[in-house]
Amino acid sequence: MEKFKSIIRDYPFIAFIIAFVILAFVPSVVFTDVYQSHLATLIFVNIVVAAGLNIVKGYCGQVTVGHVGLFAVGSYTAGTLFLYLGLGFWVTLPIAIIVTAFFGVAMGIPSFRLEGPYLALATLGGGEAIRLFIENGNFFRSTFGISDIPTPSLMGFNFDSPDRYYFISMTVMIIAVYFSFSILRSGVGRAFMSIREDPICAAAAGINVKKYKILAFILSAMFAGAAGAVYAHMPPGYIHPNNYTVIEMVTFLAMVVLGGLGHIWGGIIGAIVITIVYDLTRPLYKYQLLIFGLTIVLTILFMPKGLGGFIDRYFLEKRFKKKTGTEKT
Amino acid sequence: MLLKTKQLSKSFGGLKAMNKVDFELPKNEIRGIIGPNGSGKSTFFNLVSGIYDSDPGSYIEFDGHDITFTPPHEIAGYGLSRTFQLLRLYQDMTVLDNVMSGYHTKVPYKFFDAVIGRKKIWDQERAIKEEMMELLSFVGLADYAELNASELSGGQRRLLVLARAIAMKPKLLMLDEPAAGLSPVNVDNLMKIIMQLKEKYGLTLIIIEHILKVVMDTCNSVTVFDHGQKIAEGTPAQVKDDNAVIEAYLGKKMDDEEMRKALAV
Chain A
5 MEKFKSIIRD YPFIAFIIAF VILAFVPSVV FTDVYQSHLA TLIFVNIVVA AGLNIVKGYC
65 GQVTVGHVGL FAVGSYTAGT LFLYLGLGFW VTLPIAIIVT AFFGVAMGIP SFRLEGPYLA
125 LATLGGGEAI RLFIENGNFF RSTFGISDIP TPSLMGFNFD SPDRYYFISM TVMIIAVYFS
185 FSILRSGVGR AFMSIREDPI CAAAAGINVK KYKILAFILS AMFAGAAGAV YAHMPPGYIH
245 PNNYTVIEMV TFLAMVVLGG LGHIWGGIIG AIVITIVYDL TRPLYKYQLL IFGLTIVLTI
305 LFMPKGLGGF IDRYFLEKRF KKKTGTEKT
Chain B
17 MLLKTKQLSK SFGGLKAMNK VDFELPKNEI RGIIGPNGSG KSTFFNLVSG IYDSDPGSYI
77 EFDGHDITFT PPHEIAGYGL SRTFQLLRLY QDMTVLDNVM SGYHTKVPYK FFDAVIGRKK
137 IWDQERAIKE EMMELLSFVG LADYAELNAS ELSGGQRRLL VLARAIAMKP KLLMLDEPAA
197 GLSPVNVDNL MKIIMQLKEK YGLTLIIIEH ILKVVMDTCN SVTVFDHGQK IAEGTPAQVK
257 DDNAVIEAYL GKKMDDEEMR KALAV
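Chains as they are written, first to last, in this note's numbering: chain A, 5 to 333; chain B, 17 to 281.
The set of hints was computed from the structure by calculation and includes no laboratory data. From the three backbone atoms N, C-alpha and C, an ideal C-beta is built for every residue, glycine too. Do not take every clue at face value.
Which chain A residues stay away from chain B? Per the calculated CB distances, all over 10 Å, these [what the hints assert, rightly or not]:
1. Asp37
2. Tyr122
3. Gly266
Listed next, the in silico BS3-like pairs over lysine-lysine satisfying Cα-Cα at most 27 Å (straight line) [as the list claims (entries may be wrong)]:
4. B/Lys145 x B/Lys20
5. B/Lys32 x B/Lys22
6. A/Lys7 x A/Lys215
7. A/Lys215 x B/Lys122
8. B/Lys214 x A/Lys215
9. A/Lys9 x B/Lys126
10. A/Lys322 x B/Lys32
11. B/Lys126 x B/Lys136
12. B/Lys135 x A/Lys215
13. A/Lys290 x B/Lys22
14. A/Lys215 x B/Lys22
15. A/Lys214 x B/Lys214
16. A/Lys7 x B/Lys214
17. B/Lys145 x A/Lys9
18. B/Lys187 x A/Lys214
19. B/Lys135 x B/Lys185
When you get a sec, could you build the whole thing from the sequences and use the hints?
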């Protein structure tokens, strides 16, 4: 066991490969109908977005409310590339990531001057501007949405049904989570956190504040772009501007806040919980916004570090007790 | 000369917070900076470390680099580290992360290695972690490494800020009131740790301090500021007897004639 632990410590990607193998068997062993595969794909898409949002909001502390706009950019890059050039998933995914990264730069520039709620307003405007731009103009087929975006196929095998597409979304999710994990565990993650806590002191400690802020925005935009492309190609391959409103943004925020702002697994825990709750409360759709708004407020009030921080705290107190033999005040 | 300023000035509107200060600091010296409140001590620190931009015509040189208009993170890269009067702890990070983020300028690997998560990253991270734990146990905070910085007591926070500033192995360490708000015993303890660290890392120190005993006991030389100007400089003994210094701290000494006039009113 000790040896296994040290191998994982040296090569963390092995743990992700194990997770990959386990998740690969989930559909055939656990799931009973196709809808559950579809839900799992949605969870994976949300995990990718939330992991990205956790970088910029949880770690770097930049309050962005325009992330859904970046998600839309990813989706619509994939959608329009298919619509006008007939390109498939394997081409549109990397292009969507790159294009969204550029939009991330634009979204991040206000953060040099603005902080907190003012930055939230600026990014909210950015996100809404993107959605309105897509909505008004026939170029993006705004009235009926873009439909029949094809599912990817690999060596003759077409991932054309939810239980097959599950493998695509899962792979993207595992890779994205792995990247976010290694970024946040390294010195880059620490630099992000220092900027969140105190930009002036971070600058005095040798951290290039502007560079790292824009880096956080670019990274999280790339996550959102990847998620958007996966979402667009998800069977039945239909996207419409109505799927990228502020309401979606609130759910993304609820995921990160509930999971734990600035916790390495925060976005992931939150995405799983919120997506399932979202699905279960579908009959009560009138109250869904109320539920998620309340979730955010209550979590911030009573569990400021979210579920992730709550679990961490429990183990930390155990360890501290063991080490010093005293109760922590 | 490790640090040199020429005609260093800074005005906020009409207020001259720093007025044509020439300052020189040789290597391995412990320099104390004293002066009444609002005399420009902290402004001096902020100008040198790049937090404020100095007025045109100023010149600051550190270790052979012209740093007059260099952004703060590059100045830190040259080996200048500082602490703040208001601590500016990273409250919501663990004690260990606080210290490790101070090491930022010395982190050896590149960003893309970190994204891919190569093995050498984790090896180097572990090496950094061990080094920082050593530093933490040196200042006596090793047991608290996993706690949030906000959970420490006032004295422990002072130590943590010190450890964070030293983590980057600076050439020059500027301490802004390191002992403010500490009890006399803790002050002695802190100064002892600072002196040990100076020996260990071969630091040059500038200390702003209001506790004159600390300054007089530990510093090789003292600079006195008043109203943004340097009014005296020399060994602690020289400064103590300087008329300008006494005037700045206690007011002007009157002769008999002036005294009689003042009392007659």
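Which hints from the list above does the structure break, by number from lowest to highest?
3, 4, 6, 8, 10, 13, 14, 15, 16
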